[in-house]
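*Asks:* The lines below spell out each chain.
There are 2 protein chains.
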Amino acid sequence: MSKKNPQDKLLVFALGGVGEIGKNMYVIQHGNDIVVVDSGLKFPEEDMLGIDIVIPDITYLTDNRDKVRGIIITHGHEDHIGGLPYVLRHLNVPVYATRLTLGLIEGKLKEAGLLGETKRILINADSVLELGSITASFFKTNHSIPDSVGVCLDTPEGTIVHTGDFKFDFTPVNDQYADLQRIAEIGKRGVLALLSDSTNAERPGMTPSESNVGVELTEIFRKSQQRVVVATFASNVHRIQQVFNAAMATKRKVAIVGRSMVNVVTIAGELGYLNIPEGMIIEPEEVNKMAADRVVVLCTGSQGEPMSALTRMARSTHRKIDILPGDTVIIAATPIPGNERDVGRTVDELFRLGANVIYGPGSVSGVHVSGHGSQEELKLMLNLIKPEYFMPIHGEYRMLRQHAKLGEAVGVDPDKIFICDIGDTVEFQGGVGRKGSKVPSGNVLIDGLGVGDVGNIVLRDRKLLSQDGILVVVVTLSKQDGTIKSGPDIISRGFVYVRESEGLLDEANRIVTTTLHKLMNDKVNEWASLKTNVKDALGRFLYEQTRRRPMILPIIMEV
Amino acid sequence: MSKKNPQDKLLVFALGGVGEIGKNMYVIQHGNDIVVVDSGLKFPEEDMLGIDIVIPDITYLTDNRDKVRGIIITHGHEDHIGGLPYVLRHLNVPVYATRLTLGLIEGKLKEAGLLGETKRILINADSVLELGSITASFFKTNHSIPDSVGVCLDTPEGTIVHTGDFKFDFTPVNDQYADLQRIAEIGKRGVLALLSDSTNAERPGMTPSESNVGVELTEIFRKSQQRVVVATFASNVHRIQQVFNAAMATKRKVAIVGRSMVNVVTIAGELGYLNIPEGMIIEPEEVNKMAADRVVVLCTGSQGEPMSALTRMARSTHRKIDILPGDTVIIAATPIPGNERDVGRTVDELFRLGANVIYGPGSVSGVHVSGHGSQEELKLMLNLIKPEYFMPIHGEYRMLRQHAKLGEAVGVDPDKIFICDIGDTVEFQGGVGRKGSKVPSGNVLIDGLGVGDVGNIVLRDRKLLSQDGILVVVVTLSKQDGTIKSGPDIISRGFVYVRESEGLLDEANRIVTTTLHKLMNDKVNEWASLKTNVKDALGRFLYEQTRRRPMILPIIMEV
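So the protein lines, in turn, are chains A and B. Read in the UniProt record's numbering, the first sequence has 36 at position 36, and its numbers run on one by one without any break. Read in the UniProt record's numbering, the second sequence has 54 at position 54, and its numbers run on one by one without any break.
Rather than coming from a laboratory, the hints here were simulated on the basis of the structure. Don't take each hint at face value.
As the list claims (entries may be wrong) - Simulated pairs of lysine-lysine, DSSO-like, Cα-Cα distance not exceeding 30 Å: (1) A:Lys485 x B:Lys535; (2) B:Lys485 x A:Lys535; (3) A:Lys379 x B:Lys223; (4) B:Lys386 x B:Lys9; (5) A:Lys416 x A:Lys438; (6) B:Lys485 x A:Lys518; (7) B:Lys485 x A:Lys531; (8) A:Lys485 x A:Lys535; (9) A:Lys223 x B:Lys405; (10) B:Lys479 x B:Lys531; (11) B:Lys479 x A:Lys531; (12) B:Lys463 x A:Lys535; (13) A:Lys518 x A:Lys535; (14) A:Lys479 x A:Lys535; (15) B:Lys531 x A:Lys479; (16) A:Lys479 x B:Lys479; (17) A:Lys531 x B:Lys463; (18) B:Lys479 x A:Lys485; (19) B:Lys110 x B:Lys320.
The shape of chain A in the complex, shown without the other chains (with noise of 0.2 Å):
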């Protein structure tokens, strides 16, 4: 473990966050040293049917987890945290992060039951960490959540540098500003490579600061006759600081709905990241009592996510809030790509219920700016820090992409930036990077309490069952002569209403019977083959009549 060791290769891969958003976990070896950063979950793509949550396969890590020095944490969103619970039941290191995103952790720790056994040490942008020959230190960013950091790590090959998630704020909501001459400083001393976050490579110009968010609420609040209610993301505090600040300056109090919209007030609020006045807060229960026009509500649901407090509302459905005609709704997010429809659903059921409802992409709204840098400040990155060798990571294949031209257009070389999948390792040493051998990577599927335990065929499955349903087959054989002793019984689910298709499941039931009969003439008997038989047989005509592929399950017993 001599920081000298002139064999020591320096490799850096991810596990997760290129080739997709989300479950971000990015990994730095030096010798015999692993550092990670980041262990995010993704929420499942459309075609993982009934999964809940998708984490990174830690293979690589668990088979070296003597090398583990620990995992730094950049900021407490769910794509950097949420998948702690399942990685540290299996890696049990250290992890370390600052004061918000430790609350954020630890309050997932303990709903997990894994607070007692886990070793979690808080930092700040100042700390300095010596994990193995790895030095780590850190830089204040901008992002839509405080205490967000970028890493700057240290080795004996040089020197790499982890954005984190970033925008460049010159405005930012409670002083939290960027360190810009710390980021300026690193950059001078030298920087063998850079992995910047590419979520908004696609889009030109500078990212608008927060603060213009604040400026609208505060305009539409004034201007409400009513109740406001305004959804956003649960994780974005900034936002949630500035509609205090919206309700303070028009003197309305704030009813908080949905349990991570509470779970986030809460914690932020105990470590202080919100000044909100004693007294603004009010019960959910209140807002009924109170004058209309001294009321806000602050809900989750801005995704139009089915069970949330804003969807409830807006179906009626809410045990405890009405949307009321006048009523003004702001959904203060733009929709993530997928969830377009079901935000548009919400739209429309408030609209249907008489609410003012401000919405659309937050260029149009004015009630939303995104916490990820565009190409101007992915630039300014990139003149910061100077780096020979550039990483885009944190985006899809075509972000990355795009991030890889802006690094070409400032300078680096073209050689010296490396897109990767997960798994792909580059790997320094004597100071020339190249892409090396890959690690094992992929995506565990969590669905209800089991981790991993339903995998492609298990997915197949479902896909089939849910297009066309399912068709069971019951017969039994004698065992004596092999006439059909009872049955076939077909029994449906999915796949047409039963009522409306007796004469198709009588024909159905007639070709089971005749395909058997047949066979069993022909003294064909291995289960096999029945089985097959009946299932091709059958299949066949229900494709024929129906132009549909139910799955077919003959069961066929003997007696």
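Got chain A sorted already, so can you dock chain B onto it with the hints?
*Replies:* The following block gives chain B in isolation, referenced to the frame of chain A:
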């Protein structure tokens, strides 16, 4: 059927197209005369698992079949013509359409084997139809397909104007100008009610001219040193024309790839709606033989549809066309809400192949504009027509609401604006309009060959099956002594991967056995009780162990 019966009411309603995008079908009835405008389909919502397409419930029309004088089609897009093959089977009435529209309809009816038995009547913008007491005339509009018209329906109660889909394009492709003068003239004569397209009612300003796209395409074709692939909607004939224009200007030949693209180019070309010089079109097989900078591939797949031409090319599974590094791929379309992820995945794959991909919202890419008018154009239509009553149509509820606000803004009396759901009628008598009673309406789901045989129960089952799969439990009991003769056997599909979960399934087996023994000791032997108890006990156990709720199907046989 007299034109002068003062008892006759005028009824206006939608069977599809309001509160939704798709399956447009509007009904105008005066006394015993019914005129239908459009007969479209809708693509299924994401919770309609396994459904192929959705059409309106036409019970009202079949119940009143003797009164239906015909179906007028405004233009040849699927959401206006796609329902015809299903509707005409149950309601064989004349279909009126302009030349290109009729060409596209006849293609559909031919495929459905309905060409012989249906009656189709060619109209043009100057046609006047006497449909009982209703007189129909037409006006040319701008839309993303030529030959689009709006409909003017003169009834004894007053004039109803239906815009069809429209924008105002002052520099249209192929001289397809809207007939502003005629629209103005109709307005001058006095219009009782306007039904107008709300698709872009949320968008401020004017939709840019389709011609802008042509300029951009030519520029990109010119800059590209290699092949250019353009994916766009097959139904956008103007866009297709401009691809040919840009190809001519840059001395490239065009290969047409994708079934619906070939279909539209053939029909529109034969009918003279595409201006394509001899020899411009090459076969897909010739692409590889030609100099790369002399070729354009025009294809389907702009929405990332899994089986489309562009998706296959992106995945390197297209039989004839490979994407080579340095090729330019233009996605000349904006993703329809819900398709963003599929399009994103296609762009990623294309980038991975080394293509230069031009994509994103039209305002960024420059290669797409909408075919629907934005707020200023909607106000222009309202100003030209100056209707007494106004019904926003063709849009989700929020779009109808925004359109209603535009109506108010230009001076329509708010009490004379009706936002309707499907089946809501507006009745006019003596110059006064009011909401009338409801008529039957709804979604008819088409799955394969089945029309309407998949209902809520089947969809609920598919949803359940898609989330956690199914367990089939097979047990044989003895008739004599009620002991278990064979089983329980548990078959799992889409629940857990069996090899990984033997312990769980063994335990599940024991639970079933114990439950049955207990019931039999208690002399419970009704079929239904046995099944319910097995289902409950097993469901409880599995939920505790896995937090999943698979469908459980107990099959208990007696021998």
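*Asks:* Each hint: holds or not?
*Replies:* Evaluated hints:
{"no.": "1", "hint": "A:Lys485 x B:Lys535", "in the structure": "holds, 26 Å"}
{"no.": "2", "hint": "B:Lys485 x A:Lys535", "in the structure": "holds, 26 Å"}
{"no.": "3", "hint": "A:Lys379 x B:Lys223", "in the structure": "holds, 26 Å"}
{"no.": "4", "hint": "B:Lys386 x B:Lys9", "in the structure": "holds, 22 Å"}
{"no.": "5", "hint": "A:Lys416 x A:Lys438", "in the structure": "holds, 19 Å"}
{"no.": "6", "hint": "B:Lys485 x A:Lys518", "in the structure": "holds, 28 Å"}
{"no.": "7", "hint": "B:Lys485 x A:Lys531", "in the structure": "holds, 22 Å"}
{"no.": "8", "hint": "A:Lys485 x A:Lys535", "in the structure": "holds, 19 Å"}
{"no.": "9", "hint": "A:Lys223 x B:Lys405", "in the structure": "holds, 18 Å"}
{"no.": "10", "hint": "B:Lys479 x B:Lys531", "in the structure": "holds, 16 Å"}
{"no.": "11", "hint": "B:Lys479 x A:Lys531", "in the structure": "holds, 27 Å"}
{"no.": "12", "hint": "B:Lys463 x A:Lys535", "in the structure": "holds, 24 Å"}
{"no.": "13", "hint": "A:Lys518 x A:Lys535", "in the structure": "holds, 14 Å"}
{"no.": "14", "hint": "A:Lys479 x A:Lys535", "in the structure": "holds, 21 Å"}
{"no.": "15", "hint": "B:Lys531 x A:Lys479", "in the structure": "holds, 26 Å"}
{"no.": "16", "hint": "A:Lys479 x B:Lys479", "in the structure": "holds, 18 Å"}
{"no.": "17", "hint": "A:Lys531 x B:Lys463", "in the structure": "holds, 27 Å"}
{"no.": "18", "hint": "B:Lys479 x A:Lys485", "in the structure": "holds, 14 Å"}
{"no.": "19", "hint": "B:Lys110 x B:Lys320", "in the structure": "holds, 28 Å"}
Of the numbered hints stated above, none is contradicted by the structure.
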